[in-house]
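Listed below are the residues making up each chain.
There are 2 protein chains.
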Amino acid sequence: MNLPRICRRSVRRPLLLLLLCLSWGAARAEEQLQSPNKQLTLRVDLAADGVPTYRLSYKGKPVLNASRLGLELQGTPSLTNGFVQTSAERKSIDESWNPVLGEVKTIRNHYNELALTLTQPATKRVLRVRFRLFDDGLGFRYEFPRQPELAYFVVKEEKTQFALNGDHKAFWLPGDYDTQEYETVTSNLSQVRGLMKAAITGNASQHPFSPTGLQTPLMLKRPDGVYLNIHEAALVDYSCLSLELDDKTFALNAHLTPDAQGNKGNLQTPCQSPWRTVIVSDKAADILESKLVLNLNEPSKIKDTSWIKPTKYVGVWWEMITGKSSWSYTNQENIKLDSIDYAKVKPNGTHGATTAHVKEYIDFAALHKLDAVLVEGWNTGWEDWFGKHKEYVFDFVTPYPDFDIEELNRYAHGKGIKLIMHHETSGSTRNYERHLEAAFQLMNKHGYDAVKTGYVGDVLPLGEYHYSQWLINHYNYVLEKAAEHHIMVNGHEAVRPTGLSRTYPNLIGNEAARGTEFQAFGGSNPDHCTILPFTRLIGGPMDYTPGIFEMDVSKYNPNNKSHVNSTLAQQLSLYVTMYSPLQMAADLPETYNKFLDAFQFIEDVPVDWDDTHVLEAEPGDYLTIARKGKGSANWFIGSTCDENGRTSSIKLDFLKPGKKYEATIYADGPGAHYAKNPQAYAIRKLTVTSKTKLSQLCAPGGGYAISVVAK
Amino acid sequence: MNLPRICRRSVRRPLLLLLLCLSWGAARAEEQLQSPNKQLTLRVDLAADGVPTYRLSYKGKPVLNASRLGLELQGTPSLTNGFVQTSAERKSIDESWNPVLGEVKTIRNHYNELALTLTQPATKRVLRVRFRLFDDGLGFRYEFPRQPELAYFVVKEEKTQFALNGDHKAFWLPGDYDTQEYETVTSNLSQVRGLMKAAITGNASQHPFSPTGLQTPLMLKRPDGVYLNIHEAALVDYSCLSLELDDKTFALNAHLTPDAQGNKGNLQTPCQSPWRTVIVSDKAADILESKLVLNLNEPSKIKDTSWIKPTKYVGVWWEMITGKSSWSYTNQENIKLDSIDYAKVKPNGTHGATTAHVKEYIDFAALHKLDAVLVEGWNTGWEDWFGKHKEYVFDFVTPYPDFDIEELNRYAHGKGIKLIMHHETSGSTRNYERHLEAAFQLMNKHGYDAVKTGYVGDVLPLGEYHYSQWLINHYNYVLEKAAEHHIMVNGHEAVRPTGLSRTYPNLIGNEAARGTEFQAFGGSNPDHCTILPFTRLIGGPMDYTPGIFEMDVSKYNPNNKSHVNSTLAQQLSLYVTMYSPLQMAADLPETYNKFLDAFQFIEDVPVDWDDTHVLEAEPGDYLTIARKGKGSANWFIGSTCDENGRTSSIKLDFLKPGKKYEATIYADGPGAHYAKNPQAYAIRKLTVTSKTKLSQLCAPGGGYAISVVAK
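Chains A and B, in that order, are what the protein sequence lines are. Numbering of the first sequence is given in this note's numbering, commencing with residue 17 and proceeding in unit increments. Numbering of the second sequence is given in this note's numbering, commencing with residue 17 and proceeding in unit increments.
Treat the hints loosely; a few may be bogus.
Given that identical chains are not distinguished, each listed pair holds provided it fits within a single copy or across any two copies.
[To be verified] Below 27 Å or equal to it, Euclidean Cα-Cα: the simulated DSS-like pairs (lysine-lysine) are:
(1) K461 x K385
(2) K497 x K461
(3) K362 x K140
(4) K404 x K140
(5) K319 x K352
(6) K140 x K352
These are computed hints drawn from the structure, not numbers from a lab.
Make a model of the complete structure from these sequences and hints.
Listed below in structure tokens is the structure:
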């Protein structure tokens, strides 16, 4: 046996020599792991300098080159090199579980696992890297076992790499510590730098960090047709992951969100990072059907989930977004909650959340068998709530004088409707936490079972970001406190989800992307909703608030010239393509009343499902999804496409063989076009079976929706 | 009339000309204000460039030269120049009020006031400066009225000056954003820079900001014997003031504590700064007797104050400070509150707060008619509570297994004793706020009526400081929540007080200086307690924790070689000289039991007073104070001196004429010396009247205490 050179040199310390040689031997370890179907292969290596790397191949083709693992720490040697492998544990899991609310009734959790324990002899510290290889991708995380030499530590940067092996096509957002409300840019990775400046559009709070910084979920397509999706799962007590693209090598390097000191996490062993996830397939549909992110989250911490309900709602919201009415009750500027007497201030006459007006929404919801009505602008403080870095901005318990909270809940409950609470925090998180208990008690008292939270604007204290560990802990704290009060949470402007709704099923929605509101702020790209399911929705449901039937925003507010870049039929399709157990019918009842035949689809479509099939999918171009209602024999199909329009061709072979169904097709009408003629739609009915093939023209920026009702 | 040049030049715009000339005229305004006794004269000037300055003279001698006023703002023109005076309102107040707890029964609030409204024509903004001139000094503050051009603003720096007119002797602490636990340095101002480095001794959290930065209260003595004391009053929703010495001109410039962004305050009009205070007298005793800081605070916000009680207490504390016992129940390192099972961890056998041991303290307190027993280390989490920047460090509700909270409160209440709660936050303020309600409910449930809070270590989130606006708001939030629960607060490591105990009488104590604990951490200077009443105590009572009878700390812990630099008699004197309605008898019952004749003074001395006379005073050298117990005919006298020793000579002419009293004198015994022979004391009794003159030798680092009991 030829000893490595270091062993030959060392003659005076035989024990150390032995140890070093053993270490050396171990340092050259290579481990392999295959997915259950053997299509994915993971290889983990320790290079000669004890640097751990991993590689991933799919169907024999490398998809990730040797990619570094480890973390740089603050004030102590880093966990990036000098490792020897001290154990490799393997196991296989094949189990299934039922989500409280979801796209399918049962989720299979099937993976092969490799847990590598890496020891750094120079510091006597141990790092474990746990890999789980599923048929649909890879998850891995760092685990920091309890150990004498590593108790409390500060992360300077996580050094995880995803070393792509080419200039892939990417569906990307600018990396930012505060917002994901950007238009997705579709470009090759080599083009990111040149497109970054234009991609960074204005937002209420934003902090882009690099000309090649990217957000997750990052959707990629290789020239050979293999799709990759990179994200994280189970973001708990850690800072949010972004990616720093090296546009020479096409490696993506982890970039965590810093705190006010520029540090990237305060940790205490035993602990672990979130899972880093890579979903892989040569079929785009598989990316959408992947449950990898959910599977990597912990099972529900909430035992009794009977109070968690799928919810379809209307709300006093779009009229404020468009500028037709106002959140605030007065136009007074510069108010203080502890001294303003609203009885003495002149109302502005444009306040949306009045008792009478909310009753109209309640009536509409009851008539159309919806579940709830969201009311924004119900509480005092909206006069100057934004952009002032004002700490005591809302108290979350005091209604405006023209909003009768008791009467409205009585009225709503009498019609089987719930009101949805709204807690805009304005980023003033300490203020929110101080009022949280009283605010939730008020909700319990009046029978609210869901809250929409908002974090518009910079986070207080300044220096922390929407995605820093401090805020991650805040969002989870709110989730836990809400669960104690049996309250469902729909978090807007909070961090993008990472499958946490498995662990906290009361997290029924998140925004964390460019939602429908931007259609009233200048419009979104017509292909927007053909991308979101491949990016933002990989982490969990989005409260996208579809259902806009009046695309000309100036009809509501003559001063707002924005246009909703979608056809009416496409708006219907989104109830299927954009999975969420919380779905809004976002337009105004007065508009819906003009299109009640089309609204019928929104009335009929469920928001919780037993089964899902992705029938057609190409990010940025189109997608068609069929879903079976929870506990129902009926199916619902949605198809949406980009600005080019197309013909969708689907088979209904997922229907029960031999059974007849009545299909109602809500399609783009003749001449429909997202910009020129968005309201042209046509509804037709036909009988279908599992043998039916359908071919349906989708207008530019259009789509269709179908209800398939068992006869 | 000769027009100013600007008026002569301007010929085309007569209206503007007129306005400018009027402004010019106004800009040269001079206003004078005198104190009620006419000994203090304030002059406020607007220079030609509209820069406001003020000057102060005492008995005809200037004590502050022309000193600038104003604030530099962030992102908007500053409020420092370009002003014209648009109004000057004057009034005189002579009223009195009774503090809930205090040094005197009734406090006279007597001042002449000048409120100058300054308008900045270029920005259409208004700043008001309100001056109150008392016989004992000056207070002034900035007021920012509600106005269209100034709603929300960020303070970059307050530009207030205190332009001293010479190289005065100063009793100073290094300016620091996090701590005041430094030894006072006595030097001329010109020596500050040279002495700064040595003055900055280590602390658990510290952030000195400048080689000439100083803290308030800053005590000064001029060569002509005039004393000045500079501080602030009513620090609410603003950052804490320090002073930046210009050691060429001897001007002191305001230096506010920054936030994580380096900004110094987020304000919303209408609002105001705290009062900036300058107490002036040629008698040191007057500085101690001044109630200026209290008078400048708002009256009590608490209506029913019947639950606020003066409190004398012992506590499970000094034994941990000395290292004799431990706060923690185990020696386990790296614990997590949500997973540790104390039943499975080996106790360390040194835990102080055990049920049996606390009962010994309760027995002692009951036997000696004290009010309460403080227990530190009662709750889980102490194993690694400090220096880890650990957020979830305590839950404030879970006792260690060997601390029976229910039984101990039952036992204590049965003997007329209260337990004092302890909430160490470790600087993790969000964690404390999250648990505050439950913690206070636990206190209410078990009958605790007071809490000692602690903020040892860096503040979380990092970037904020103990004295930044974010924390100031936290401390006041805790005070308000405590008041709602009828809980008294004794805040340690919080910001130094500014007379807020008038507004929140439940603020019964603060540390915010180098307390007795430092006598076990290496010792404090023997003159320490001759200075504190002139510095730290100007803002409010200090929980100094006097009463150490065993000066050799190694008697408790052989590994601790620290020595308490004080005689036993001096320790007794501190109960009078260091005013506090909350006074600890800090030593161990086992020690007190060896000196019960001396302990009698602690047993007898009240902590709330009807009257106070400062009989002798010179900062850094000595002070002698006599106080009359609240609702009692008895007087108590304390005298303390520096390392040189002295003979104190006092007249008892404050006693009721013709009445006889029994005086018990607790004095330094023969050969007593703070270092060499600290426990030598002698007790003698004699009959005294208002005609009695006493002459008493005080040992180096010694003093005496006298109880004067009406016969």
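Status of the hints after comparison with the structure:
1. K461 x K385: Close inside one copy (24 Å), not across copies (47 Å); limit 27 Å.
2. K497 x K461: both (16 Å within a copy, 23 Å between copies)
3. K362 x K140: between (69 Å within a copy, 25 Å between copies)
4. K404 x K140: For K404 and K140, only the inter-copy Cα distance (20 Å) is at most 27 Å; the intra-copy one is 49 Å.
5. K319 x K352: between (41 Å within a copy, 23 Å between copies)
6. K140 x K352: Between copies only: 22 Å across chains, 56 Å inside a chain, cut-off 27 Å.
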